[in-house]
Structures are given as C-alpha cells and as structure tokens.
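**Student:** Residue-level listing of the chains:
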Amino acid sequence: MDEPTLYKLSADGRSSVALPECDVDESKIPSRLMRDAIGLPELSEPQVVRHYLRLSQLNYGVDTGFYPLGSCTMKYNPKASEIWARLPGFSQVHPLQDPESVQGALELMFDLQEQLQEIAGFARVALQPAAGAQGELTALLMIRAYNRWRGEGQRDTILVPDSAHGTNPASVTMGGYTVVEVPSNKTGDVDLEAVKAACNDRLAGIMLTNPNTLGLFEERIGELVELVHGCGGLVYGDGANLNALTGVTRPGDLGIDLMHFNLHKTFATPHGGGGPGSGPVGAAPALAPFLPGPVVERSQVALGEHPVYVLTSPEQSIGRMVAFHGNFGMFVRAWAYLRLLGAEGLREAAMHAVLNANYLRVQLAEDYNMPFDRTCMHEFVCEGAPKGTSIRALDVSKRLMDYGFHPPTNYFPLTVKEALMIEPTETEDKETLDAFVRAMRNIAAEARADPHALRDAPHRTPVGRLDEVKAARDLIVSEET
Amino acid sequence: MLSAIGMGSLEELFVDIPANVRFPELRLAARLTEMDLDQELRKLSRRNRSLECGPSFLGAGCYRHFIPATVDYVLQRGEFYTSYTPYQPELSQGFLQAMFEYQTMICRLTGMEVSNASHYDGATSLAEAVLLALDAGEGRRTRIVMSPYVHPNYRAVVDTYLKGTDSYLDVAEERYDGAIALSERIDDETAALVLQTPHFLGGIEDLTGVADTVHAKGALLIVVVDPIYLGLFKPPGDFGADVVVADGQALGITASFGGPSLGIFATRRKYIRRLVGRLVGQTEDSEGRRGFVLTLATREQHIRRAKATSNICTNSALGALAAAVDLATLGERGVRRVAELCFHKSHYAAARISEIPGCAVNTQAPRSEFFKEFVITLPVDAATVISRLRKEYGVIGGYDLGRSLPGNDNRMLVAVTEMNTRKEIDRLVAALHQIVA
Numbered sequence: 025m026d027e028p029t030l031y032k033l034s035a036d037g038r039s040s041v042a043l044p045e046c047d048v049d050e051s052k053i054p055s056r057l058m059r060d061a062i063g064l065p066e067l068s069e070p071q072v073v074r075h076y077l078r079l080s081q082l083n084y085g086v087d088t089g090f091y092p093l094g095s096c097t098m099k100y101n102p103k104a105s106e107i108w109a110r111l112p113g114f115s116q117v118h119p120l121q122d123p124e125s126v127q128g129a130l131e132l133m134f135d136l137q138e139q140l141q142e143i144a145g146f147a148r149v150a151l152q153p154a155a156g157a158q159g160e161l162t163a164l165l166m167i168r169a170y171n172r173w174r175g176e177g178q179r180d181t182i183l184v185p186d187s188a189h190g191t192n193p194a195s196v197t198m199g200g201y202t203v204v205e206v207p208s209n210k211t212g213d214v215d216l217e218a219v220k221a222a223c224n225d226r227l228a229g230i231m232l233t234n235p236n237t238l239g240l241f242e243e244r245i246g247e248l249v250e251l252v253h254g255c256g257g258l259v260y261g262d263g264a265n266l267n268a269l270t271g272v273t274r275p276g277d278l279g280i281d282l283m284h285f286n287l288h289k290t291f292a293t294p295h296g297g298g299g300p301g302s303g304p305v306g307a308a309p310a311l312a313p314f315l316p317g318p319v320v321e322r323s324q325v326a327l328g329e330h331p332v333y334v335l336t337s338p339e340q341s342i343g344r345m346v347a348f349h350g351n352f353g354m355f356v357r358a359w360a361y362l363r364l365l366g367a368e369g370l371r372e373a374a375m376h377a378v379l380n381a382n383y384l385r386v387q388l389a390e391d392y393n394m395p396f397d398r399t400c401m402h403e404f405v406c407e408g409a410p411k412g413t414s415i416r417a418l419d420v421s422k423r424l425m426d427y428g429f430h431p432p433t434n435y436f437p438l439t440v441k442e443a444l445m446i447e448p449t450e451t452e453d454k455e456t457l458d459a460f461v462r463a464m465r466n467i468a469a470e471a472r473a474d475p476h477a478l479r480d481a482p483h484r485t486p487v488g489r490l491d492e493v494k495a496a497r498d499l500i501v502s503e504e505t
Numbered sequence: 054m055l056s057a058i059g060m061g062s063l064e065e066l067f068v069d070i071p072a073n074v075r076f077p078e079l080r081l082a083a084r085l086t087e088m089d090l091d092q093e094l095r096k097l098s099r100r101n102r103s104l105e106c107g108p109s110f111l112g113a114g115c116y117r118h119f120i121p122a123t124v125d126y127v128l129q130r131g132e133f134y135t136s137y138t139p140y141q142p143e144l145s146q147g148f149l150q151a152m153f154e155y156q157t158m159i160c161r162l163t164g165m166e167v168s169n170a171s172h173y174d175g176a177t178s179l180a181e182a183v184l185l186a187l188d189a190g191e192g193r194r195t196r197i198v199m200s201p202y203v204h205p206n207y208r209a210v211v212d213t214y215l216k217g218t219d220s221y222l223d224v225a226e227e228r229y230d231g232a233i234a235l236s237e238r239i240d241d242e243t244a245a246l247v248l249q250t251p252h253f254l255g256g257i258e259d260l261t262g263v264a265d266t267v268h269a270k271g272a273l274l275i276v277v278v279d280p281i282y283l284g285l286f287k288p289p290g291d292f293g294a295d296v297v298v299a300d301g302q303a304l305g306i307t308a309s310f311g312g313p314s315l316g317i318f319a320t321r322r323k324y325i326r327r328l329v330g331r332l333v334g335q336t337e338d339s340e341g342r343r344g345f346v347l348t349l350a351t352r353e354q355h356i357r358r359a360k361a362t363s364n365i366c367t368n369s370a371l372g373a374l375a376a377a378v379d380l381a382t383l384g385e386r387g388v389r390r391v392a393e394l395c396f397h398k399s400h401y402a403a404a405r406i407s408e409i410p411g412c413a414v415n416t417q418a419p420r421s422e423f424f425k426e427f428v429i430t431l432p433v434d435a436a437t438v439i440s441r442l443r444k445e446y447g448v449i450g451g452y453d454l455g456r457s458l459p460g461n462d463n464r465m466l467v468a469v470t471e472m473n474t475r476k477e478i479d480r481l482v483a484a485l486h487q488i489v490a
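Which chain is which? The protein sequence lines are A and B, in order.
Take any residue in the first sequence, note its place counting from 1, add 24, and you have its number in this note's numbering.
Take any residue in the second sequence, note its place counting from 1, add 53, and you have its number in this note's numbering.
Bound-form chain A, shown alone (with noise of 0.2 Å):
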C-alpha cells in the first residue's frame, strides 16, 4: 500500500480550516518583513484525515500486538490515563500561571516526586529532564558539580560497561568527562577486576544499568559499590529496567547514588513513536542539593484545607534542563498509573514482568542459543541464529513480522554475537507468549529448511526490506516540491 505525501495530495487553494474574520482594525504590517509563499500543502479535512488515517494502518504499536523490543519496555498504557492527560485542569494549563491557580498541579507533582523517592529509595527526585538520555546528562552535571564543590575536581573519568546502552557514553561525552570502558564477565556481570584497576583519585564514578542490557542482575553490586565508593567515585543507575525492581529492592538501598526513571518505560505512559518520555533523577542526600529546578515543594502554609505547594531550586542546583517544569502530561499518566497499582500492583508487575521473560528464555532455549545460563530479570538476551543454521538474528526479525509480531531489538547489547534482546513485559498474557514461541521455533525450522525464505523475509508487510545504504547515500530528507 502506497500512501502519497501531503504534497502530492494537496491542491491550490484548498483549505481545512475557515478562521474567524479579523474583529479588530487591521494595523499595516510591515511589507519589508513579509514572506512570499511558505510552502505548505493546502488539503481538505477528510483529505488529512484520510491521509493519515492511512498512515497509521502502517504502523505497528501496542496497541497492535506483542512489542517484546528489549530494554524499551513495551507494556500496555492505560486508556484512562490518556483522558485524565486531557482534562481542561492539566491540558490547558500554562507553566508560568501564578502558582496560588495551579495548586492541584503542583500536588500530583510533589506526589510523583515522593512516590519515586520512596519506590527507588532516594533522598530526592527532581522531575524535569524530558527522557532517560537527558536524565543521565542531568546526573553527570551533578556529578562534576558535586566534585568541584568538594575540591574534587581532578576527577575526569566514568566508567561505562561494554554492556551499557549508547546514550551512557555518549551522555559521558556531553558532561565533559571521558569513557573508560569496563568489559563484562563470563556470567554477563561487571567485571570486578577491571573496575578496581580504574579505582584512583581520577574516577568520577560509574554508570550501572542493573539489571544490566543481558537483563541479569549484577550478582556482586555490594562489592562494586563498595569499590567505586571506596576510591571516592559515584554510583549512577541507569533506570532504564526499573521494571524488573519495582516493589522487589530499592536502587538506593543497593547504595545507589543517582539515577533516572524512564516514566515511559517503568510507569506505563506511551511512547509515542519515540517520545515524548520523562526521565526523572532521583538522588542520595549529598547529591540531592544539585538537582535541577525548579522542584516542587510543599510549604509550611496551608490554603483552607490544603498545604500550598510551591517551586524551588535546589540549595546548589545545575540548573535547568528544559524550558519550563517538565513533561507534566507524563506525569499525570505515571502519577495515576502508580495509584492504579499501589505497593502491591508495582511488585506484581515486576515479578510478572520476570515470569514472562523466564518463561520465554526456558522456551527458546532449545532452538536459540542463550549465553548465560542464568535466571534472568525482566528481559534477556540470546542469540538470533537458530541453533545449527547461519541466519542472522536481523532475518528471524523481520521474518517475525510476518506472524505478526514486532521484532525484539536487534544487535544490542554489543557483547553478545547477532544479539536479539526480548522484554516481553508483565503486561502479555500465556497465550500471547506461546504465540511467540511458536513463531520464533517455526522460524527456526525455516531457517534449517529453507533459510532464503528468511532472507527475503518479511513478505506480508507493506513494503519489504528496505535499503538503508542507499538512504544514507542519496540524503534524501524532505521531499522537492
């Protein structure tokens, strides 16, 4: 199915919206400052709706079906929250309104933050970084400001697991410290020995994911925390598979001493086709005074029967991250998906969430090679070339499209050979993991009878595989009209 673009679909003159005529007296605008055409495509309505309409049909998300793409946590987003999102009260609110008119806002922020701070066992959480990869740079700024208040300064190096997603070293690079690259072990953990040769007076500290990208959980964390600490290094957690912990141990009580959430990875609100997310930073007690501003707080004062809530700035804070507070629209939907669930319903998910990935690592095992050999968290990692063949993992996934299912995340983490990662999340039942597997040992079979199939897979989407080399050669980013 071939859908045009809006400049193939457009007209002259056509036009969706009639404006109100102007009822105020026209003021001269200025002619030297005047545009000639812009440029945009002019469509009718049912033209645009159609359009797309159209488009979406070509799209897959979870709404659609089973999103096992690993480390993303693909679980399902409440319908409910996407209606208390758009409520008058929090969709059409303006930041920078008074405060004493935006109390119930400033309410379920101080609430969000408090509930983080008590799942994660943190000091304080400060909500403003819009996604995980801003939430880490958040944290490295803290970091460095924290070195150089106490005359630490020297400190210029982090150390980052080969294992660790890209944006940890690249988030490194941007606050201005440099990567020193930490190898995992044969049992996918952290490999202690090298940690403690980069323990000295230089090391700022370390960005942990645990459970780590192999989704297993480091077995040894008290000593590497010990270690960093120790040689008066950091601990930073990378939170982007939280959903394995919830309710199960606190990143804090793990001695912990920053680290992001991902509210649309862990708590439920949508992806939206790469964003918008929220990547809160939750900090131990000596960082807690450099996180961003402003954070929410809850005075002293009370209006009638309500504390009144107001916006500070941490005592030595960085900074600010974004424009205004935040991505206040996700943290409606996480606020209200941790009411949803309480203690009991976050402890559920997470041990759901592992039940499923284990069940799904069990029921592979005997057709694709897994390299660890151990209970995994929320997500693992095996091998994408069926037992036997020379597949590659990049062909089983495209050929999973074809049952019906979105791919796990290809090639990821490095460590592991035609790596296919798979987080199926709590939130997919029995049948739909049987489903899976069913798919996945069929194409195994395939591949072991008749691989071109799977090389030339998928067959039933709407185009088939498509040429990246030539799309970085001919650049072609927006369309010549």
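Simulated from the structure, these hints should not be mistaken for laboratory data.
Remember, predicted model here, so these are calculated numbers, not experimental data.
We put the CB at the ideal spot given by N, CA and C, even for glycine.
There's no promise every hint is true.
[As the list claims (entries may be wrong)] Derived EDC-like pairs (lysine to aspartate or glutamate); straight-line CA-CA distance at most 16 Å:
no., chain 1, residue 1, chain 2, residue 2
1, A, Lys52, B, Glu422
2, A, Lys441, A, Glu407
3, A, Lys103, B, Glu337
4, A, Lys220, A, Glu205
5, A, Lys494, B, Glu337
6, A, Lys103, B, Asp91
7, B, Lys96, A, Glu131
8, A, Lys210, A, Glu243
[Stated by the list, open to error] Far from chain A, some chain B residues (derived; all Cβ distances over 12 Å):
no., residue
9, Asp240
10, Thr266
11, Thr416
12, Asp462
13, Ile488
Following the hints, position chain B against chain A.
**Tutor:** What follows is chain B alone, placed relative to chain A:
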C-alpha cells in the same frame, strides 16, 4: 508457567538480589480502581485554573493557539502513540512517512535545508544548536555570544549544557542595540551568535546583514523563532542563518503546564553530519517501492557511543506528529491567517493599552516592530496587577517580567493570539484601566 521454568514461587526468581534489601515494604497510597481514581483526578484537576475558564494573555514561550480537531484525532490512534522509535521500518512506514513530511514542512517554514525529526523542546534545541556550533568550531572556539533578549529559561538551559564543556556564554547585559551591533562582539574565539526573533519581549529583530558579519568571523548564526511568526514573515533561512530552532508547542500542542512540547531543529545541508537526533530519509525496498527509514544513524549514540553528535534517544516524535497534522490542516493559507490575526490583535491591544494613563507600551531599547507579544510598563508592580486581574476580573494577565529580569517588577509581558476576541481584549483594557487608576 512457574513449573515450566522449574520454580516453585515467584519469589525464587529474585534470589540474585541481596536478601537484606529484597522485597521492601513501600509506603504508597492504597491502589484505586479506575472508577474511583477518575473522581480523584477530576477533583485534583479542578484545583488548577484552566485557560478555558476565561481570557488569558499569558505567553512568554508557551501560547494558546487554535488546535484543529484533526490533531487529537490523529494523536489518539494507538498505532501511532503506542509505538516506539521506528528501528524496524517495515512496521513503521506510517510514522516514518509522517516524520518525512514533518521535516519537509519545517524546512519550508524555516527556510532551511534539513530538519531533524524533533527534539525535546525549544530550549534544549537551542542548547544542542550551541553544541553543534562548538563542534563545528573544532574546539578552537569557546565563546557563545547571546542576545539578552533570548528567553531567560532558554539561556538557563544553554548555561546548564555548557557546564559539560570548556565554553562559556557571553550575554550583552549592559545595553542591547540590536542584532547588527551585537554581531560586532564576535571574535575569532566565538563559535556562534544566538538571536531570537521575535525576541523574548516580542520585538522583531532585523536580521539583514547579520549573517555576513557572523560568517566573516567564522562563526555560526543560530536563530530562535516562533513558528507562528513564520506564517507571515521572512524566515531566518532567508537571512543566512545556520541553525534555526523553535519550540513547536504553538503548532497543535496543548500548554499542559509546560510539557511535553516539541523542539524544532533545522540547519544547512553542510551540517547534516553534525545534526542531532533522528532523521528520516527516503529509500526503496527490494522491489523498488518507495519507503522511509531512519538515516545517518552513524551520528547517533546507539552506533557512535561516546563520539555521537548527541546523547538524545527518545525525543518528541508525537509532538512532531501533532505539528505535522496542525500544519497540514491549517495549510498554507491557514498558517498565514493565524499569523495575521496574531499581528492585528496584538497591535490592537497594544494601541488600546497605551492609551491608559500611566501605562506605556514597548519602551525598551532598541525600538522595533513587534509580533504577538509586547511589554506594558505599569505604574504599579506587575505581580499585583496579575493577581488582581485573576481574582477580581477573571482574566489571566501577562507574565511578570520581574520574575526573570531583575529591575523589571513593573513590567508585564502580554501575548495576544488569534484565540483572543476583541471582547476579551477590551475586558483586559477595562480591567487595567480600573486597576491602575
């Protein structure tokens, strides 16, 4: 399922976690059903004064513009909003094509050659534009010259981002004489000049000749714009800007207490390999059918890691979709009409307010034309006026400039858009009359 994995209980799955910190009791409020929570959330939302409750003249970087019904209709398609970054293009042609069209429309609007597929918001787009300029300066240029009339929160975000670099911000605080005068501050160590038009106080910057001065010194010109302004006025691309950034909230996104928004980021073709964020390119499938993919991923963190152009991963794709539907629905004439209405109505309001004894409009230097937003100098402090406007007249007034600019406690920034009727403007004028009398 437990027996299939050889376990007797769910708890057994977590034996790798140190026992002393396993299964903490979380002190959270008891769970509620959807039905009960609905009541609670509605109650909480009513404790915010919504912009729907009466006239509002508050802008300062977040505006109330008309959002056609098509926008939310499209945003609520589950195929779009419950998907993620289109790493698998065969299942994501819808979003990829919509982003390709978004990139095209942003190029047209800004007069630039390349647009990314979105950034978080206007302020972070600007911060990344500054990092791009520093990168293009290859470490030899460490100074960023910025107009004092760039939005103070944007400036604050740039300041935060620069803490990870050896570079610094030079803001002409003492006196602002306009873009050309400011461009003379640029030296061989300057990586970029940052301007905003219309600037924070609503004034239109004259960009004529600025780029030449900037380029002669080997620096880049970065311009922050209001996308609505571009419906009527010449875009920064026509004046030789190297990077154009904007907040896209005005294009189909609700105020939502300031977020999520959309960061617009557009540049010249020669900087395409330094671009930050996702970029959609056109290609073909194995049978020669047109299709779209994410391209130039070698710039990005998941491939390039520590050497990536940015750490950005999740961005504001759904915001870009909103902007695309908004632009497609309004179309060429609609976008222009919105800009015209903003121009006329803000000028009408400014003229009426300047007639109020004791009130003056746009007294700040340098004198310039304005668009959509202007400054009222009041005989009393702005905070009092804003509070009285809301409590006694049911009007959300402007922005108290004293909150951002020291020494401006009696100045109020007022935004007037196509959403404000003449009746609303007259109501504001009458209220101001009484308050300052």
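**Student:** Find the hints from earlier in the document that the structure breaks and name them by number, from lowest to highest.
**Tutor:** Number 3 - this is the single hint that the structure violates.
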